[in-house]
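In UniProt numbering, the protein residues as written are 1 to 323.
Among the hints, a few may not be true.
Unchecked claim - Okay, derived cross-link-like pairs now, DSSO-like style, lysine-lysine, Cα gap no bigger than 30 Å in a straight line:
1) Lys119 <-> Lys155
2) Lys121 <-> Lys70
3) Lys123 <-> Lys18
4) Lys167 <-> Lys198
Unchecked claim - The following label-pair restraints were derived from C-beta to C-beta distances:
5) Glu260 <-> Gln79: 37 to 45 Å
6) His94 <-> Pro8: 36 to 44 Å
7) Gly263 <-> Ser48: 14 to 22 Å
8) Ala36 <-> Glu310: 45 to 53 Å
9) Ile288 <-> Lys226: 18 to 26 Å
10) Pro197 <-> Val302: 21 to 29 Å
Don't read these hints as lab results, they were simulated from the structure. Note that this is a predicted model, so its numbers are computed, not measured. Built from N, CA and C at the ideal position, the CB exists for glycine as well.
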Amino acid sequence: MTSVVSSPPRTIRIGSRKSQLALVQTYWVQEQLQKAFPDLTFEVHTMSTQGDKILDVALAKIGDKGLFTKELEVGMLNQEIDFAVHSLKDLPTHLPEGLTLAAITERENPADALVVHEKHKDKQIDTLPEGAVIGTSSLRRLAQLRHHFPHFTFKDVRGNLITRLAKLDAGEYDALILAAAGLERLGMGDRVHQILPKEISLHAVGQGALGIECRADDSEVLSLLKAIEHPETRDRCLAERSFLRSLEGGCQVPIGVNTEVSGDNLTLTGIVASVDGQKFVKDTVTGIANNAEALGTELAQVLRQQGAQEILAEIFAVIQRGS
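I would like the entire structure built from these sequences, with the hints used as guidance.
This is the structure in structure tokens:
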């Protein structure tokens with residue numbers, strides 16, 4: 001009688017950047033999957049991306065085609081890892097052939113947050129003194145804040161979250177604008193001084209959500225990842241990503257969004273602004289949530305008719321000149 005030897009369960013290899021925030025997010029995904037599939041083994045493998053290595057140049061000047069994702073994507077295509085965990089806002093809307101956005105997890109607060117130096121603890125963003133030095137590495141935040149607060153001084157800030165906060169505490173800045181979700185995930189929610197209202201700063205596409213990317217033909221991993229997907233967040237983020245993709249914008253372009261779901265309806269608001277904050281177009285569309293990507297395309301068309309393409313063309317020209 002011939003005995004049948006069963007093969008051991010597959011070990012699933014998870015790719016992550018090495019930054020503290022990236023690892024916190026990746027270990028959370030690992031924990032959720034381990035709970036859902038206790039008989040499988042999930043291993044974390046770390047890689048450094050171009051965005052992690054270049055810390056002395058503004059993000060917009062580097063370009064954003066896979067700035068924080070390319071090395072992980074190569075690892076997946078080379079079968080070194082099985083899927084990668086990204087901050088969804090860093091994941092380009094056009095993915096390499098053979099890869100797919102497999103799951104989007106439940107979103108943390110997607111809003112931008114004001115973090116202040118101790119001397120300004122009694123202030124809000126609209127009561128900070130004239131000339132206050134505000135740190136941000138995001139053209140989206142910069143454009144919107146310049147529109148509302150032209151009397152502030154804006155200064156680029158790079159490095160991981162700990163490094164940025166250290167620079168703030170050392171007095172290099174009066175305040176920083178950071179993603180509330182990142183602070184919360186690192187257990188630093190107490191540093192959030194003020195959540196910026198959407199009237200002042202529409203957030204980045206995908207901000208606050210995790211995007212999990214894998215090989216499009218890996219049916220086993222695709223099936224596993226559906227266990228941790230959050231349908232409402234997916235609808236909201238697919239609408240936002242479709243809006244960005246339709247405008248041919250990138251992660252470092254001044255395009256902001258806000259999405260809200262009520263019953264079966266999804267409302268998407270978007271803005272395109274010039275870097276100096278002088279020009280901007282903003283509008284809102286509402287439709288059926290399960291038709292999210294069409295809503296994003298619709299809003300992009302609305303803003304194009306209001307001059308969004310001309311604003312973006314000017315921004316791309318400035319970036320290409322390295323200004």
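Keeping to a limit of 30 Å between CA atoms, is the pair of Lys167 and Lys198 held or broken? holds (27 Å)
C-beta pair Ile288, Lys226: status relative to the range 18 to 26 Å that was hinted: holds (22 Å)
At the C-beta level, are Glu260 and Gln79 separated by a distance inside 37 to 45 Å? holds (40 Å)
Take the C-alpha atoms of Lys123 and Lys18, compute the straight-line distance between them, and say whether it is at most 30 Å. violated (35 Å)
C-beta pair Gly263, Ser48: status relative to the range 14 to 22 Å that was hinted: Given a distance of about 44 Å, which is not inside 14 to 22 Å, the answer is violated.
Could you tell me whether the CB distance from His94 to Pro8 stays inside 36 to 44 Å? holds (37 Å)
Ala36 paired with Glu310, Cβ distance criterion 45 to 53 Å: holds (48 Å)
Would you mind confirming whether the straight-line C-alpha gap from Lys121 to Lys70 stays at or under 30 Å? Status violated; Cα separation ~40 Å.
Would you mind confirming whether the straight-line C-alpha gap from Lys119 to Lys155 stays at or under 30 Å? The hint holds at about 19 Å.
Take the C-beta atom of Pro197 and the C-beta atom of Val302, compute their distance, and say whether it sits inside 21 to 29 Å. holds (23 Å)
When the structure is compared with the earlier hints, violations turn up for hints 2, 3, 7 and for no others.
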